[in-house]
Amino acid sequence: MQPLSRQFKQRATIAIKDANLQAALGKAKEGFVGKRAAAIAELPEFEQLREEAKAIKDHTLANLDFYLERYEAQVKKYGGHVHWAKTAEDAQRIVLDICRKANAKTVTKGKSMVSEECGINEVLEAAGMEVVETDLGEYIIQLAHEPPSHIIAPAVHKTKAQVSDLFHTHHAKFGLTRRLTEVADLVNEARQVLRKQFFRADVGITGGNFLVAETGSSIIVTNEGNGDLTQTLARVHIVTSGIERVVPTLDDATTFLRLLARSATGQETETYTTISTGPRRSGDLDGPEEYHVVLVDNGRSRMLGGQFRDMLRCIRCGACMNHCPVYGAIGGHAYGWVYPGPMGSVLTPLFTGLDVAYDLPNACTLNGRCQSVCPVKIPLPDLLRELRHRQYEEKITPAYQRLALSAWAFLAKRPRLYHAVMRIPVGVLGWFGRGRGSFASLPLASAWTRSREMPAPQGKTFQQAWRERMENRDERRT
Amino acid sequence: MSDGREEVLRSVRVSLNRERPTPEERDRLEARIATLRRHTRPAFEGDLVGRVVDKLSSRAATTTLVGTMSEVGTAVADFLGRNGFSKKIAVAPALADLTWPQGFDVHTGKARADECVSVTACFAAVGESGSLVLLSGAESPTTLNFVPENHIVVVRTEQIVAHFEDVWLLLRALPQGMPRAVNVISGPSRTADVEQTIQLGAHGPRRLHVILVGRDCLA
Numbered sequence: 000m001q002p003l004s005r006q007f008k009q010r011a012t013i014a015i016k017d018a019n020l021q022a023a024l025g026k027a028k029e030g031f032v033g034k035r036a037a038a039i040a041e042l043p044e045f046e047q048l049r050e051e052a053k054a055i056k057d058h059t060l061a062n063l064d065f066y067l068e069r070y071e072a073q074v075k076k077y078g079g080h081v082h083w084a085k086t087a088e089d090a091q092r093i094v095l096d097i098c099r100k101a102n103a104k105t106v107t108k109g110k111s112m113v114s115e116e117c118g119i120n121e122v123l124e125a126a127g128m129e130v131v132e133t134d135l136g137e138y139i140i141q142l143a144h145e146p147p148s149h150i151i152a153p154a155v156h157k158t159k160a161q162v163s164d165l166f167h168t169h170h171a172k173f174g175l176t177r178r179l180t181e182v183a184d185l186v187n188e189a190r191q192v193l194r195k196q197f198f199r200a201d202v203g204i205t206g207g208n209f210l211v212a213e214t215g216s217s218i219i220v221t222n223e224g225n226g227d228l229t230q231t232l233a234r235v236h237i238v239t240s241g242i243e244r245v246v247p248t249l250d251d252a253t254t255f256l257r258l259l260a261r262s263a264t265g266q267e268t269e270t271y272t273t274i275s276t277g278p279r280r281s282g283d284l285d286g287p288e289e290y291h292v293v294l295v296d297n298g299r300s301r302m303l304g305g306q307f308r309d310m311l312r313c314i315r316c317g318a319c320m321n322h323c324p325v326y327g328a329i330g331g332h333a334y335g336w337v338y339p340g341p342m343g344s345v346l347t348p349l350f351t352g353l354d355v356a357y358d359l360p361n362a363c364t365l366n367g368r369c370q371s372v373c374p375v376k377i378p379l380p381d382l383l384r385e386l387r388h389r390q391y392e393e394k395i396t397p398a399y400q401r402l403a404l405s406a407w408a409f410l411a412k413r414p415r416l417y418h419a420v421m422r423i424p425v426g427v428l429g430w431f432g433r434g435r436g437s438f439a440s441l442p443l444a445s446a447w448t449r450s451r452e453m454p455a456p457q458g459k460t461f462q463q464a465w466r467e468r469m470e471n472r473d474e475r476r477t
Numbered sequence: 000m001s002d003g004r005e006e007v008l009r010s011v012r013v014s015l016n017r018e019r020p021t022p023e024e025r026d027r028l029e030a031r032i033a034t035l036r037r038h039t040r041p042a043f044e045g046d047l048v049g050r051v052v053d054k055l056s057s058r059a060a061t062t063t064l065v066g067t068m069s070e071v072g073t074a075v076a077d078f079l080g081r082n083g084f085s086k087k088i089a090v091a092p093a094l095a096d097l098t099w100p101q102g103f104d105v106h107t108g109k110a111r112a113d114e115c116v117s118v119t120a121c122f123a124a125v126g127e128s129g130s131l132v133l134l135s136g137a138e139s140p141t142t143l144n145f146v147p148e149n150h151i152v153v154v155r156t157e158q159i160v161a162h163f164e165d166v167w168l169l170l171r172a173l174p175q176g177m178p179r180a181v182n183v184i185s186g187p188s189r190t191a192d193v194e195q196t197i198q199l200g201a202h203g204p205r206r207l208h209v210i211l212v213g214r215d216c217l218a
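Those sequence lines, one after another, are chains A and B. Quick note on numbering that gives the first Met the number 0: the first sequence kicks off at 0 and runs consecutively. Quick note on numbering that gives the first Met the number 0: the second sequence kicks off at 0 and runs consecutively.
One chain only, chain A, in its complex shape:
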């Protein structure tokens, strides 16, 4: 999809005023944060697992070429096919080719963020295929023609009433015309509609949470079982996955599985963890006849070369966005692309351009909660700061901000001058504000004073106040 991140400020402003969105976000936040905390309290080994997971990923990334080739060889050994996509367009072409060769009319899909990133659905639909998202959240947003607003709960921004409206509109063609108000009924109706699609599908596409070099396996985790029906009932199974998802062994993958469910949904384990290796074997009564893996680079190999390698440890759990006050206030759509929240604010500028996603690294309070909950210890605030730095270096930062920063830097490097200059505004503001103690409005600071008062300085700079205090103390002593 085309990134809309340039419109971040407008979209964020609209999001804050959207009553439905605010209601949905309010319900979601407490659930995610509380459940994660409870799940982690049950596992004293959690911190140790984080350290080990980080070390496993760092080791794998430092030898990524080896592990990718090792993984590929194992997939082939079991009769599967591996395709390499340098770009999103390559991934589109590869998936389209496989679907065309399979004479696909209906394609079912388990949730795959890489597929969203590469815009696979649009390409298949343009080629006349019916593409059906089967994860309930993905299905809801597909009906609404919207991108996901959260990487593990794609329809978290929708209220029950909105889902009810969508089903009422789109399920009439199946003869389902009753308006539903209970969650149980909504889920049942989706089950009924999608069940038929699973059996009709020619091709099933899923993501891959982990790829195992030891065995040539792809691993998905789901709660609904949709990924399993997708990949078991279709003739052809395609896995779309980023090249950074490879891990050396099943044991290594297990460390991540222990972290993933707890960090994502606060579950000890998701309902279904499925390890897939190659197509149907002789004698098997079911399962796909073809098994394809599309390894997507799309900028990842470039990230490997510098400070952003840390970001490639990401296991897409969503804990960073669940704990982010900015995400919590505006939801995922304002970010304008596939990945929202802190991880998205790092990935979107890297994948789509520092200028395209200028606002994202700046829409951060640097409170550090994302880093503190990240199961693989990605230093997200540092990476966001580094992106700001690069925007400045590449002169993407607006001229007035660059000028202000340069002026401040000039002063900050000259302490005497700095103190002399700072006395002026502090003195003036202190004098004007001496009555009220704060300002309801101030020139150049309207963004601040629109929603709260600006406290007035007390007339002296900190340095002056400190010096006087020290002098007074010395006098008292003598």
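It is worth saying that the hints were derived from the structure and are not from the lab. One or more of the hints may lead you astray.
[What the hints assert, rightly or not] Ranges between beta-carbon positions, derived for each pair:
1) B/Thr21 x A/Gln21: 53 to 59 Å
2) A/Gly78 x B/Arg9: 53 to 59 Å
3) A/Gly304 x B/Ser57: 51 to 57 Å
4) B/Asp96 x A/Ala37: 41 to 47 Å
5) B/Ser57 x A/Glu121: 39 to 45 Å
6) B/Glu70 x A/Arg315: 43 to 49 Å
7) B/Glu70 x A/His169: 58 to 64 Å
8) A/Gly78 x B/Ala172: 41 to 47 Å
9) B/Ala30 x A/Lys75: 20 to 26 Å
By construction, the Cβ of each residue, glycine as well, lies at the ideal position given by its N, Cα and C atoms.
Since chain A is already given, all that's left is putting chain B on it; use the hints.
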């Protein structure tokens, strides 16, 4: 397609600032795969059977304990009776030898589209999380695990191991290597995609019933 492969690998190596790994490096990395490393595993105490029962029930699965395989038929009949289901079941070929009570309509093989109840064996169960591990194969069609409304799994108590790593050890010992699918199942299907409300039976089975078979179940 092969040029995509070379392009990606070249770009990876440029970023890693190195050529393809030397034979020595490959040996070292192969050795890391071949050597079992002791990762941190969640520690727990207590008996495995009790733990599996507790863990499964915490995720809305139900369990029955029986002493021998010959009692499985009755346990299945109880489950069907309790829920008011007809005595029509799909059974995994692995359990074809079991005898079923009078009046049962049994078919072995993969799941039909409108299957109500399936009964399958399993490869292992995991004490750590109470998860069941099922392998695809001629004896154990994967559709039985996901298509029916209700899934009954027969677990022999000696199949319960402590951690997932113990299951992988058993997998590595299989002569045919990895099966097409290893399904780790930890409860009935669920979703929370509408307003974070947990609803069972999203796409897979609405009920997961586990029959634990073993002498230690008699106590």
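We went through each hint and held it up to the structure:
With their beta carbons about 57 Å apart, threonine 21 of chain B and glutamine 21 of chain A fall inside the hinted range of 53 to 59 Å. Between glycine 78 of chain A and arginine 9 of chain B the beta carbons are some 27 Å apart, a value that contradicts the proposed interval 53 to 59 Å. For the hinted restraint 51 to 57 Å between glycine 304 of chain A and serine 57 of chain B, the CB-CB distance of approximately 45 Å leaves it violated. Roughly 44 Å separates the CB atoms of aspartate 96 of chain B and alanine 37 of chain A, a value that falls within the hinted 41 to 47 Å.
Between serine 57 of chain B and glutamate 121 of chain A the Cβ separation comes to about 41 Å, which falls inside the hinted range of 39 to 45 Å. For the hinted restraint 43 to 49 Å between glutamate 70 of chain B and arginine 315 of chain A, the CB-CB distance of approximately 44 Å keeps it satisfied. Between glutamate 70 of chain B and histidine 169 of chain A the beta carbons are some 48 Å apart, a value that contradicts the proposed interval 58 to 64 Å. At roughly 21 Å, the beta-carbon separation of glycine 78 of chain A and alanine 172 of chain B lies outside the given 41 to 47 Å, and the hint is violated.
The supplied range of 20 to 26 Å is met by alanine 30 of chain B and lysine 75 of chain A, whose beta-carbon atoms lie about 22 Å from each other.
Comparing the model with each numbered hint stated earlier shows that hints 2, 3, 7, 8 do not hold.
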